[in-house]
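If you want the building blocks of each chain, they are given just below.
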Amino acid sequence: MASKPSASKLSGVLAGAKADGRAALIGYLPAGFPTVEGGIRAVDALIEGGCDVVEIGLPHSDPVLDGAVIQTADDIALRGGVRIKDVLRTVQEVAAAHPGTAVLVMTYWNPVDRYGVARFAADLAAAGGAGCILPDLPVEESEEWRKAADAHGLDTVFVVAPSSKDARLAEVTAAGSGFVYAAAVMGVTGTRSAVGSLAEDLVARTRATTDLPVCVGLGVSNAEQAAEVARFADGVIVGSAFVKRILEAGEDEAAALDGVRALAGELAAGVRRR
Amino acid sequence: MSEKDYLPGAQVPDARGYFGAYGGRFIPEALVAAVEQVAEEYEKAKADPAFAAELDGLLKDYTGRPSPLTDVHRFSAEAGGARILLKREDLNHTGSHKINNVLGQALLTRRMGKTRIIAETGAGQHGVATATACALFGFDCTIYMGEVDTERQALNVARMRMLGAEVIAVKSGSRTLKDAINEAFRDWVANVDSTHYLFGTVAGPHPFPMMVRDFHRIIGVEARQQVLDRTGRLPDAVVACVGGGSNAMGIFHEFIPDAGVRLIGCEAAGEGADTPKHAATLTKGDPGVLHGSRTYVLQDEDGQTVESHSISAGLDYPGVGPEHAWLKDTGRAEYRPVTDDAAMQALRLLSRTEGIIPAIESAHALAGALDLGRELGPEATILVSLSGRGDKDMHTAAQYFGLYDEPAGDRAEGGK
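Sequences listed follow chains A and B, in order. Take 1 as the starting number for the first sequence in full-length UniProt numbering and just add one per residue. Take 1 as the starting number for the second sequence in full-length UniProt numbering and just add one per residue.
Hints may contain errors.
SDA-like, lysine to any residue: derived pairs with alpha carbons at most 25 Å apart [to be verified]:
| id | chain 1 | residue 1 | chain 2 | residue 2 |
| --- | --- | --- | --- | --- |
| 1 | B | Lys277 | A | Gly80 |
| 2 | B | Lys60 | B | Arg110 |
| 3 | B | Lys328 | A | Gly116 |
| 4 | A | Lys244 | B | Asp187 |
| 5 | B | Lys171 | A | Gly80 |
| 6 | B | Lys328 | B | Leu403 |
| 7 | B | Lys277 | A | Ile76 |
| 8 | B | Lys171 | A | Arg192 |
| 9 | A | Lys147 | B | Lys171 |
| 10 | B | Lys60 | B | Asp71 |
| 11 | A | Lys165 | B | Met112 |
| 12 | A | Lys147 | B | Glu375 |
Since the hints were made in silico from the structure, they are not lab data.
The shape of chain A in the complex, shown without the other chains (with noise of 0.2 Å):
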């Protein structure tokens, strides 16, 4: 399972930021955050402002691993009526309009269980979608999932955090495929004034174990920031800082979209400063 091949939708991206000298930018959204239509929009706009990967996240009613600002976008979300077929949906329109980037699917695991695994594994792929990150699923628990998401070609992205300890990486990073998330500080998502030094210490270590892309998240928010990831990692991950700008706009949706696409600019500026 450790090796997929190559031409994998998502490992072909991060190839191709390699072969430029660059890190890629990974950019996350939840789907449904305004509204779904809405939702399309602003990760049409995070593609157009430069980012290779997308994450959809799939919002849930129990957030743990999220701080205020995308718990505030899971709760819109939610309250809006976001079901799983939305997701699929958002996925679907995505990949379609844009075939040159990779889209995720970023989820809590219980979405995924009562949908059924294998359900979900079918009906992502088919929608175009490049795989999953499913960061309360550990290594452990992941089996059923894996199988599924291999049979239908689907990447499973792996979390790992400063307190994994070397061993545990090891067993980590064998089981995933598409890239390894590293993230950069012990918290939850949100943005952050500094990245701290975890996380050039983490990919450090992550890299030992794996010739998988290491991709850093969890705290960058501006070009400074991603510059400074991109000098050690392979890709950097932005998540709350986007949905801020979304909410920052309240109403005025060009606002939002413009922000998020300025936002997205300035940090493929970033990755390839390193």
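Fit chain B to the given chain A structure using the hints.
Chain B alone, transformed into the frame defined by chain A:
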């Protein structure tokens, strides 16, 4: 089943923390090292006679164990004459069973070299017990409590603050126990080096369901012997309320191999298990993953947790411990819904027939025992876990029964 799986030496749960199909460890990678540390330290502590000796000493001299067994003759008359015996966990220091687990985990925290404890609380009983142990051991203490619960259990908020704990009112989601747990997990991820999450019920990731059960097993161990000594035989049934299910697991566990003893858990049915406003997770929920383990969950068809409702803050939870899920599926235990109204009537009945004011949580078990007694008849003996005392619930009860002189809801006059 399965009963033989519970005989001494049997490995329940298995090494991965599964009780049949339930349990496990669904946690973020950032918490894996900390949860493994808890599991390893707990195994070491179990093998260390000094740990057992210190815990036994605290349970005896600080908590006041063993807790008594009380015959409630006048109350029993309302239950078809069946003999009802109450296991008096309400008489423990801090007023509920929660202290049993808290002292065990506090000792474990000290062994792990951590200096700060966080906990969730619903009714405030686990929060009060945790704040108490933190005062005793000198730990920093932060308690997460849903904003709705800080209002309906204001007395316990004051108790926790008096004991030196910081109480954080959680304003997200349904603003009850579920959301307090979410917020405690967020704190733990960010502060895991210094902090132990002193989980308060038999839910959560492995090893918490097993460990919390083990620390509460003493309830059933004592009660089983007390009933034998008092009546010369085992009870026909053991009844306990179930939210997360810690007092129920504690009193059930020792009786599991006694095939003739029925184990009956009483869930909060709120306004009725067939209305949208209830917390009857085992009766109405479906298997899923919540707060780190696979168990029954009140959820919609997309796997979103549905808000629970109960007059009792301690039972107002859309999940349940995984061992209860397994006991339900194997048929070894039965789970019955008890409405708010039935629980409140039982609360008043015990108060007026026996001079014992129970917690609203425990009153759900009393209501279940009243029904069961009428079903089983006067020859039956029913052991009930009286998991906590009702002082904290006087505001809710006063509003429910109209006990205030001033118009109900005038909290400032609440002491009249």
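Any of the earlier hints contradicted here, and which numbers?
Hints 6, 9 and 12 contradicted; others consistent.
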